[in-house]
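Student: Residue numbers (the UniProt record's numbering), protein chains in the order written: chain A, 1 to 285; chain H, 1 to 296.
Do not rely on the hints blindly, as some may be mistaken.
Where chain A lies over chain H, by a calculated footprint (3+ residues, C-beta under 8 Å) [what the hints assert, rightly or not]: (1) 99-113; (2) 141-155; (3) 227-237; (4) 252-259.
Derived DEER-like restraints, expressed as beta-carbon distance ranges [unchecked claim]: (5) A:G132 with H:G36: 43 to 53 Å; (6) A:E94 with H:P129: 32 to 42 Å; (7) A:A55 with H:G279: 46 to 56 Å; (8) H:L28 with A:D92: 51 to 61 Å.
If you are wondering where the hints come from, they were derived from the structure by calculation, not from laboratory data. Note that the structure is predicted; figures quoted are calculated from it, not measured. C-beta atoms are modelled at their ideal positions from N, C-alpha and C, and glycine is treated no differently.
Residues per chain are reported as follows:
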Amino acid sequence: MRQQFLTLLALSLSVGWGLSACNQNSANLESNKLTLTGSSTVAPLASEIAKKFEAEHPGVRIDVQTGGSSRGLADATQGLADIGMISRALKDSETEQFQSYAIAQDGIGIILESSNPVQSLSNQQVVDIYQGKINNWQEVGGEDAPITVVNKAEGRSTLELFLKYFQLTNSQIQADVIIGDNQQGIKTVSGNQNAIGYVSIGAAERDISAGVPLKLLSVGGVEASTETLQDGSFPLSRPLTLVTKETPSGLTKEFIEFAQSENVHDLVEAQNFVPISPQKLVQVP
Amino acid sequence: MWKPKTLSLFPLRNWFKYRKDFLLVWLLRGLSAIAGIVILLILGFLLREALPVLEEVGITAFFRDDSWNPGEKSYNLVPMIWGTGLTMMGAVLLATPLGIVSALFCHYYAPMPIASLYRRLIELLAGIPSVVYGFWGLVVLVPLINRLHPPGTSLLAGIAVLTLMILPTITLVADASFAKVPPEYLMGAAAMGLSSWGTIWQIVIPSAKSGLFTGVILETGRAIGETMAVLMVCGNVVQTPDSIFDPVRTLTANIALEMAYALDNHRSALFVSGLLLLGVIIVLAIAAELVDREAS
Numbered sequence: 001m002r003q004q005f006l007t008l009l010a011l012s013l014s015v016g017w018g019l020s021a022c023n024q025n026s027a028n029l030e031s032n033k034l035t036l037t038g039s040s041t042v043a044p045l046a047s048e049i050a051k052k053f054e055a056e057h058p059g060v061r062i063d064v065q066t067g068g069s070s071r072g073l074a075d076a077t078q079g080l081a082d083i084g085m086i087s088r089a090l091k092d093s094e095t096e097q098f099q100s101y102a103i104a105q106d107g108i109g110i111i112l113e114s115s116n117p118v119q120s121l122s123n124q125q126v127v128d129i130y131q132g133k134i135n136n137w138q139e140v141g142g143e144d145a146p147i148t149v150v151n152k153a154e155g156r157s158t159l160e161l162f163l164k165y166f167q168l169t170n171s172q173i174q175a176d177v178i179i180g181d182n183q184q185g186i187k188t189v190s191g192n193q194n195a196i197g198y199v200s201i202g203a204a205e206r207d208i209s210a211g212v213p214l215k216l217l218s219v220g221g222v223e224a225s226t227e228t229l230q231d232g233s234f235p236l237s238r239p240l241t242l243v244t245k246e247t248p249s250g251l252t253k254e255f256i257e258f259a260q261s262e263n264v265h266d267l268v269e270a271q272n273f274v275p276i277s278p279q280k281l282v283q284v285p
Numbered sequence: 001m002w003k004p005k006t007l008s009l010f011p012l013r014n015w016f017k018y019r020k021d022f023l024l025v026w027l028l029r030g031l032s033a034i035a036g037i038v039i040l041l042i043l044g045f046l047l048r049e050a051l052p053v054l055e056e057v058g059i060t061a062f063f064r065d066d067s068w069n070p071g072e073k074s075y076n077l078v079p080m081i082w083g084t085g086l087t088m089m090g091a092v093l094l095a096t097p098l099g100i101v102s103a104l105f106c107h108y109y110a111p112m113p114i115a116s117l118y119r120r121l122i123e124l125l126a127g128i129p130s131v132v133y134g135f136w137g138l139v140v141l142v143p144l145i146n147r148l149h150p151p152g153t154s155l156l157a158g159i160a161v162l163t164l165m166i167l168p169t170i171t172l173v174a175d176a177s178f179a180k181v182p183p184e185y186l187m188g189a190a191a192m193g194l195s196s197w198g199t200i201w202q203i204v205i206p207s208a209k210s211g212l213f214t215g216v217i218l219e220t221g222r223a224i225g226e227t228m229a230v231l232m233v234c235g236n237v238v239q240t241p242d243s244i245f246d247p248v249r250t251l252t253a254n255i256a257l258e259m260a261y262a263l264d265n266h267r268s269a270l271f272v273s274g275l276l277l278l279g280v281i282i283v284l285a286i287a288a289e290l291v292d293r294e295a296s
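Isolated chain A (complex conformation) (with noise of 0.2 Å):
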């Protein structure tokens, strides 16, 4: 009996370990092989641009995974990924860690359904209502309705910018819906005609031309379109940015190159997104 046990537990100890064992990431095993992890507005262009990239060398596996910007940034610390995608430019403690490569310009615009009749609103009336000083419409020229809230989860960098935009703190706003991702914000405005949200133009716009009932309002007295964000007016603007850890070589360096030429100008605005100037470039040492 006793000894029975101990098979058993020698056994299931075997098993156990076999599969803690398999928990290793397996990034780099090959050099013909990249790892790109982090948020979800770049995955989709970065994705495209990996497809183009291997169909012009063969052999090559580009793997994409989407996670958010916190992720790109830990998992190109760690080394679990060769390339982190961030949605911001590098904040200033992070310049001395990583290497930064800008591929595309995104913006943020705030978000109404649209029927909803105002227009336009101020920077400081988007701050009262984010706050909760303004909680009706009438306020601000709308129907005797209340306004409903719509922020994002912690974490998000979409959050981050706007926050950072209109000065605010995270336990500041009083918010009636928090979601996750660009498209439960879509959804959650356009079924509801007090909402107000904010997302990234690129997704708001496609969904608009594709019949869903928004519209985007303007920030700062700019218009929130492709054309502003390309001619840099349009202030609540991010750039969609690679990370890597050391400085690149090899296949990564490759890869970066790749996707800031020219020959990938046409996914990024397929994308809704704005290509970054030459000029503006960073360079690849």
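Model the placement of chain H on the given structure of chain A, informed by the hints.
Tutor: Positioned in the frame of chain A, the structure of chain H alone reads:
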């Protein structure tokens, strides 16, 4: 050790037959060991990931801090415990009577063809992926509630969607446990001239009680664990709700919303909520076991 029970003239001919038994037993032992170990590994993993923040801020911080703002180092989980508890209780309170009544209808009152169609429908309901319920809730239910009382994404929406999702569980389990009521009981009741409602109330329900309890515990487990649908319709604002129209965030939704974006202590704190959920599920499993033991 194994010994053949009967001696045959050619013992080796039967060697494989007995050997097979021996192999099967060890195969089964191995497989069940794997199943058990997976759970222990998960528990261990949760503990390991949760430990850093537990060591740093202590367990009381999760109940005493001012708010849930991991970026600003406060980790109060209480509003989300309320969120999980209230959505679960609301859904279980609604789904249990509905489920039992519809199982009774299906089993005793509905004509054969309707009953079998009805059963198929309920099974179909059980098979719909949760994200579909969530999507339906977001585009249909939430705007409806919004017209009643903004913002629409609310505790009520969560309860309604969850009720729909756990209804098939309790209905199917109740149906199965009614099927296990011995037919002699029903014949006896008929012989004594009990009305059909009297038979159900006095005889069927008491004798199917343990099955019904198991059903309730199963549906509770499903209600607690549900993530996607709840995430889409509940609004996810971290607050203790004052009314049924207030948005809430559940523990599962909290993990799903923030895990991908969380680092260090924030990530660790999310594992604490996972640990809490696992704890509740373990308590439920023990409760189910006790109810079962008492009944038999």
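Student: Take the hints in turn and mark each one as holding or not.
Tutor: Consistency of the hints with the structure:
| no. | hint | in the structure |
| --- | --- | --- |
| 1 | 99-113 | violated (count 0) |
| 2 | 141-155 | holds (count 7) |
| 3 | 227-237 | holds (count 5) |
| 4 | 252-259 | holds (count 3) |
| 5 | A:G132 with H:G36: 43 to 53 Å | holds, 50 Å |
| 6 | A:E94 with H:P129: 32 to 42 Å | holds, 39 Å |
| 7 | A:A55 with H:G279: 46 to 56 Å | holds, 51 Å |
| 8 | H:L28 with A:D92: 51 to 61 Å | holds, 60 Å |
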